[in-house]
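K.L.:
So the chains spell out like this:
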Amino acid sequence: MTSAISLNHYLWISGLLFALGIAGIVMRRNLLVIFMALEMNLNAANLALIAFSKFNKLVDGQVLVFFIIAIAAAEVAVGLAIIVALFRRKQTVSVTDLNSMRL
Amino acid sequence: MNPVWIILFAPLVAAALITVATRRWQLVSALLSIAAIVTGFGLALQLYFALDHGAAPLAPAAFQWLVIGKVVTIEFGATLDHLSVLMLLVVTGVGSAIHIYSLGYMKGDAGFSRFFACLSLFTFSMLGIVLANNFIQIFIFWELVGVSSYLLIGFWFEKPSAAEAGKKAFLVNRIGDFGMMLGILLLWTQTGTFNFAELPAKIAGIPAGALSLIAALIFCGAVGKSAQFPLHVWLPDAMEGPTPVSALIHAATMVAAGVYMLCRVSFLILPSDTALHLIAWIGGITAVMAATIAIAQNDIKRILAYSTLSQLGYMVMAVGLGGPTQAMFHLTTHAFFKALLFLCAGSVIIALHHEQDIWKMGGLWKKTPVTFVTFLIGTVALAGVPPFSGFYSKDQILLLAFDHNKALFVIAVLTAVLTAYYMGREVFVVFFGKPRDQHAYDHAHESPLVMTLPLVFLAVLSVIAGWGDKLPEFIAGTIEHEAHHPALLTTGLICVPVIGFLLAAAIYLKREPSDAPVKRVLGPVWTLVANKYYFDEVYLWIVKYVQGTIATTCELFDRWILQRLGIGGLAFGTDLLGRTVRRLQTGSIPGYAFLFGLGVTVIIYYVVVR
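Top to bottom, those sequences are chains A and B. The numbering of the first sequence is this note's numbering, which starts it at 1 and goes up by one. The numbering of the second sequence is this note's numbering, which starts it at 1001 and goes up by one.
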C-alpha cells in the first residue's frame, strides 16, 4: 500500500486549522483565547509550508517555518505584554468591554 | 540722468520724503514740494526752447516694465514731442504758481504737510499721463491721478460733504475708466501693441466699425476725467476740496487730461467719422448745458466749476471737429485763466473768512484790489475779449465749428454769450455794488504777497498766451495759414462776449443786484437750471431703483440659491454621509476581525479563482 497520506490531506488539515483559528478570533471574547487562535493560524500556515516542502523536495518551506516560529515567539512576547498592560489598566481582557475607539 | 525722468520723479520723491520724514516740519514739507515742481518747470522750459529752436530733445530710452509671457510687453517710456512738452509746461508752470499760492492759502491748516504730499503725488501722476508712451502706462497714471484727486477732494475728510464728494468723483470716474480699459484691450486685440509710436501704422488694418467702437470706448475715459455730459456730475461737487486743488486739478490739469489724451491718440479718432461726431456733440452739449447751469449758481467756486465744464466741452468739441491743435491751444490758455480765476476766488474766500456765497459779498474791489484786477483779467480772458488769450483760442474753435458744423457753431456762440454773461454776473455781484454783509466786508483784507504774486504771474500769462499765434504753431509743429473767413464773421465774434457782458451789466451792475428780474423772465427754466437739470436727482433715482433692484435680486440669488442650496446643500450632504458611515465603527474587535477576514477571503477568491 502506498502512503495514503497525500499533499491534499495535509492541505485540508491546514485549511481546517486556519478556519478554526479565524472562527476563534471572531467568536471568542477573551483576548487571551483570541491570541491563542491567532497562533493556530500561524501554525496552520506552518503545516501547509512543511507539507509543500516535503512533497516538492525543497527546503525553502522548512526555512520559512523556522522564521515563522521565531517571529511567532517574538509576537507572543509583545502581544502578551500588551494584554497584561491592558488588563492592568482596564481590569478586563474581554473584547466586548474594549470599545473605547467606537465613535 | 535724463532731465525728463527728473521732471517726472522729483514730485514723487518729494511726496515720499514728506510722508516718511518731514511731516512734522510743515515749512520744510512745503518747500520740498515746491522745489520739486519748480525744478520740473525749469527743465520743462529748457525742453520747450530746445524744441522751439528745432532741436528735438532726446527722449530717454524706454525700459521694459512688465513682461507677460511672450505675448505682452509693456514699456515704461517717455514721449517727447510738441504736444507733451507744451503740456509739461502747463502742468509744471501752473502747478508751480498754485504750489506757492498754497503756502499762503493752507497756512495754519492741520494737514498742511499732508496737503503738499498729496499735491506732489498728483503732480507726479499728471506728468506720468503727459509723458506716457503707451496705453497701459497712460491708464495706470490715469488711475493714479484719480486716486490723488480723491485724496485732495476729500482733504477735509472730517466734513461729510467733502468725503462724499471725493467718493462721488472716484466712482463716477470709474465708469468712464472702465470704458477706456475696454477700448484699450479691444485695440490690443486688433493691433497687438499698446505703443503710441507703433500704433498709427497699424490703424489702417482695423475694420471701420471696430475702430469707431474703440475710439468711442477710449473717449469714455475722457468723458469721465474731463467731466463731459453725462458724467459731469462729479466736478461741481469736487469744489469741496481746498481752492488750490480746484485750481490745479479741477480746472487746469487733471480735467484737461481727457482732452490731452484725445489729442495724443487723435490718430485713432480722426479716421472715424462716427466717433468724431459723437465726440463733437458730447462736447457741444456739455458746453451749452454747463453754461446755462452756471448762470443760476450762487457759490463763487461752483460758477467757476460749471464754467470749467463748459470750456472743457469746447475743447472736446474741437477734437471732435478734427482740430486737436485748437483743442490744445484752448486747453493751454484755459489752464492759465481758469487757474487764475480759481486762485482769485480762493483769495476772496480767504479775505471773507471762508465765505463762498456770492450774495454775501459785494463791493470788494476796494478791499482786495489785486485780486479784483487779476480776477477781471481772468474774466475777460475767459469770455474771449481781444487781445486776451481766451479770445484767440476760443475764436479758433468757433471758426473750426463754423467750417465743419453749423449747428455746433450756433451752440458754441450761444455758449460764448452765456460765458460772458455768467462771468459778468459773478464779477458784478462779488466786486461791485453795496457790501451785503457789512461785518464780513469790514474785516475783509487783501491776501499776502505769497498768494498775490502767483495771481499776477498767471494774469500775465492769461494776457499774453494767445499773442502772435505762437502756441498753435508750436503745437502743430508747422505754420498753418488757415482759410480766410468773412470779415463780418470775425468781427461778429468779437462782439459776442460784449453782448454777454452788457446783458450782465444791465441786470447786475447795481447797488443792490438780485436774480429776481432774470427769475421773472425765465420762470420754470430758471428753476430747471438752478437745479442743474436734476441730473443728481435722476442719477440718485437710477442708483436707488435700477441698481437697487439688481442688487436685491443678486442678494436673493446669493442667499437662497448659492448659500442655502449650494453651500448649505453640500454641507448637509456631507453631514448625512458622515452620520451614516459612522455606524460602521462599532468598536467591536471581533466585528472588525470578521470584516477583515471576509475582505481577505474575497480578495483571495478574486485573485485565485478568477
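Simulated from the structure, these hints should not be mistaken for lab results. Given the structure is predicted, the values throughout are model-derived calculations rather than measurements. Where is the CB? At the ideal position from N, CA and C, for every residue including glycine. It is possible that some hints are incorrect.
[Said to hold, decoys possible] Per label pair, the in silico range of CB-to-CB distance:
| no. | chain 1 | residue 1 | chain 2 | residue 2 | range |
| --- | --- | --- | --- | --- | --- |
| 1 | B | Phe1572 | A | His9 | 53 to 61 Å |
| 2 | A | Leu64 | B | Gln1585 | 30 to 38 Å |
| 3 | B | Gly1599 | A | Leu64 | 44 to 52 Å |
| 4 | B | Gln1563 | A | Ala19 | 50 to 58 Å |
| 5 | A | Ile82 | B | Leu1565 | 48 to 56 Å |
K.L.:
With respect to the beta-carbon atoms only, verify the hint that glycine 1599 (chain B) and leucine 64 (chain A) lie 44 to 52 Å apart.
P.N.:
Once the Cβ atoms are compared, 25 Å apart, the range 44 to 52 Å for leucine 64 (chain A) and glycine 1599 (chain B) is violated.
K.L.:
Holds or violated: 48 to 56 Å for the Cβ distance of isoleucine 82 (chain A) and leucine 1565 (chain B)?
P.N.:
holds, 51 Å
K.L.:
For the pair leucine 64 (chain A) and glutamine 1585 (chain B), does the Cβ-Cβ distance stay inside 30 to 38 Å?
P.N.:
holds, 36 Å
K.L.:
Note whether the CB distance of glutamine 1563 (chain B) and alanine 19 (chain A) lies within 50 to 58 Å or breaks it.
P.N.:
At 56 Å between Cβs, range holds.
K.L.:
Determine whether the Cβ-Cβ distance between phenylalanine 1572 (chain B) and histidine 9 (chain A) falls within the hinted range of 53 to 61 Å.
P.N.:
Holds, since phenylalanine 1572 (chain B) and histidine 9 (chain A) (Cβ atoms, about 60 Å apart) stay within the stated range.
The structure shown violates just one earlier hint, number 3.
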